[in-house]
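Undergrad: The lines below spell out each chain.
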Amino acid sequence: MADYQSLDIIRRSASTEQPPRVRGGQEVAKLIDVSRCIGCKACQAACMEWNDLRQPVQTCQGNYTNPEDLSPSVWTLMRFTEYENPDGNLEWLIRKDGCMHCSDPGCLKACPSPGAIVQYENGIVDFISENCIGCTYCVKGCPFNIPRINPVDRKVYKCTLCVDRVAVGQAPACAKACPTACIMFGTKADMIVQAESRIADLNSRGFDKAGLYNPPGVGGTHVMYVLHHADNPRLYANLPQNPRISPIVALWKGGFKVVGLAGLALAAVGSFFHYVAAGPDETDSNDETVAFDMAHFEDDRNASEGRGNDVRPSH
Amino acid sequence: MSVLHTDELKRDEQIPRHVHDADRKGRVYVDRYNTTQRINHWITAALFTLLTLSGLSLFHPSLFFLSNLFGGGQDTRAYHPWFGVFLIVSFAMLFVRFVKLNVPNRDDVRWMRKLGNIVQNKHAGLPELGKYNAGQKMVFWGQSALISVMFVSGIVIWDQYFGKYTSIDIKRYALAAHSMAALIAILIIIVHIYAGIWIKGTTRAMIRGSVTGGWAYRHHRKWLRKVALGREEARAGEPGANDPHSPMPGPVSHGPAE
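First to last, the sequence lines map onto chains A and B. 0 is the number of the first residue of the first sequence in numbering that gives the first Met the number 0; add one for each residue after it. 0 is the number of the first residue of the second sequence in numbering that gives the first Met the number 0; add one for each residue after it.
Please keep in mind that the hints were generated in silico from the structure rather than gathered at the bench. It is possible that part of the hints are untrue.
[Stated by the list, open to error] Calculated lysine-lysine pairs in the DSS-like style (CA-CA distance at most 30 Å, straight line):
#1 K99/B <-> K24/B
#2 K154/A <-> K175/A
#3 K113/B <-> K24/B
#4 K136/B <-> K256/A
#5 K256/A <-> K175/A
#6 K121/B <-> K221/B
#7 K163/B <-> K256/A
#8 K24/B <-> K163/B
#9 K208/A <-> K175/A
#10 K40/A <-> K163/B
#11 K256/A <-> K40/A
#12 K154/A <-> K163/B
Everything numeric in this text was worked out from a predicted model, so none of it was measured.
Input sequences plus hints: build the corresponding full structure.
TA: Structural data, given as structure tokens:
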């Protein structure tokens, strides 16, 4: 079912062909207002239900984050952080972690398999499992440490933003299940407007650093947060301050590819032209004669017993 | 060789051990690589080719079609590291065999200064060389270094077995190092292959095991004098003079010169 939405695909991993642009639809976004999250994990349960995923039961790690990490079958995870603010008060920061659906996705940039990662025109970044080869380059490409490799089938999994629901006009399962409307879903433009009203509200309640997390380093994301401490997103279970595709990955997938292949082609073509220009380096008969005489005459002067035997010795 | 009186010539038993008068047409052949060395080289070459094809298929989208040679993307991803494991073993054997002969010396510096003439096939004023010239030594050391880099970085990014031992950031550097080392290594191999095409008579060394006396005289005269012809005066004082061009005595099929 790789191509059932091919008209909506605006970017495709490891592909240089021009994607179809006839539709030009709207970008969607999920807005997560962490200030309204009560930590109920309804979003996690809804994700499991809709996507039919079951993480084996684990042991408690001493905090509320459960399961302990994202996994091939945990596509969204509430990360709980106990933060003691400068006033000495405890703040319980809860962030629903998962794929951010970057406008400039590092996973897609790193992926070597054509069509294993696609970006739809609504902004959703999706893994097309049948094309996934299990190299985990996407894991290295992601600035948010989201994709997880399944050791059983060697394929990588992450949140799809419920692309199958969104495609038929439904909100993602997590947004549908959230009891406090902490998770909102709509067009990206609408969600930014929504965020602004939430930020104004938080500002009026003393959170003067409240703001929208829509990091420009990855071209913005299609999962955005309203944070009460937008000046320090690291507080929220190490949400990157200024995420961007690692310059190492950018170099490897940018300059190396171009310069590398050009260099190899140049070496091959250059070699051919060298042959055309300079010609082969050949040993002439004089060289052979000298070497022959060196072997037969210069070395052993008293080898007389073999003379007269013109039968070539076999060896 | 206008008139050749074969009765004045020595038989193979009488000329130096590694030289053979094969056809008595004014040409001798000089042993350069024994069977083990040749097989070792070609196994390494085959593995390098497989690694190049599978590696390039994952390196650039326009070359992904090469993964079809290995049964598709998943198979390519799975096989590539194993090719590398076999390569490191095979190459290590080559390294041990040839390392002593690839130590740089003064002749290499003098030879390199004349590189401009060499590429024009002009050999006047070149120093006499041992078994390897500076270019060949650079191939040897370049590949030794790059294959080492690729082996270490390859282990780091071999997610299936070693994924859990390093951080994502280290893996990013490993990926960049791996692909850059691979590009340079392939570049060196292109030059290496071309040198075999350009310098006539060279490929014979790695296929048949021997070169003509004239080839040895033109390209590796010191090796011909010292080693192949077994000149005592030239070999005096040379370490490992007994058989330095064959560090691991292989199953040479020629009888010893007695």
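Undergrad: For the pair supplied as a hint, K154/A and K163/B, confirm whether the alpha-carbon distance does not exceed 30 Å.
TA: Measuring from Cα to Cα gives roughly 16 Å; hence the hint holds.
Undergrad: Does K40/A lie within 30 Å of K256/A when you go C-alpha to C-alpha?
TA: The given pair, whose Cα atoms are some 43 Å apart, is violated under the 30 Å limit.
Undergrad: K208/A and K175/A were given as a pair; does the straight-line alpha-carbon distance stay at or below 30 Å?
TA: Status holds; Cα separation ~29 Å.
Undergrad: If you draw a straight line from the CA of K154/A to the CA of K175/A, is it 30 Å or shorter?
TA: 28 Å, holds
Undergrad: If you draw a straight line from the CA of K24/B to the CA of K163/B, is it 30 Å or shorter?
TA: Status violated; Cα separation ~65 Å.
Undergrad: Next pair to validate is K136/B with K256/A; report whether the Cα-Cα distance is within 30 Å.
TA: With Cα atoms ~28 Å apart, K136/B and K256/A stay inside 30 Å; holds.
Undergrad: Starting from K256/A, check that the Cα of K175/A is at most 30 Å away, please.
TA: Judged against 30 Å, a Cα distance of about 43 Å means the pair is violated.
Undergrad: Taking only the CA atoms, is the gap from K113/B to K24/B under or equal to 30 Å?
TA: Violated, at roughly 33 Å.
Undergrad: Quickly compare the C-alpha distance for K121/B and K221/B to 30 Å and report which way the hint goes.
TA: It holds: about 18 Å lies between the C-alpha atoms, which stays within 30 Å.
Undergrad: Decide if the proposed pair is consistent with the structure: K99/B and K24/B, CA atoms, cutoff 30 Å inclusive.
TA: Violated, at about 35 Å.
Undergrad: Checking one constraint from the list: CA of K163/B to CA of K256/A, max 30 Å. Satisfied?
TA: Holds, at roughly 27 Å.
Undergrad: Sort out whether K163/B lies within 30 Å of K40/A, counting only the CA atoms.
TA: Since the Cα atoms of K40/A and K163/B sit roughly 28 Å apart, the hinted pair holds (cutoff 30 Å).
Going down the numbered hints, you'll see the structure goes against 1, 3, 5, 8, 11, while the others check out.
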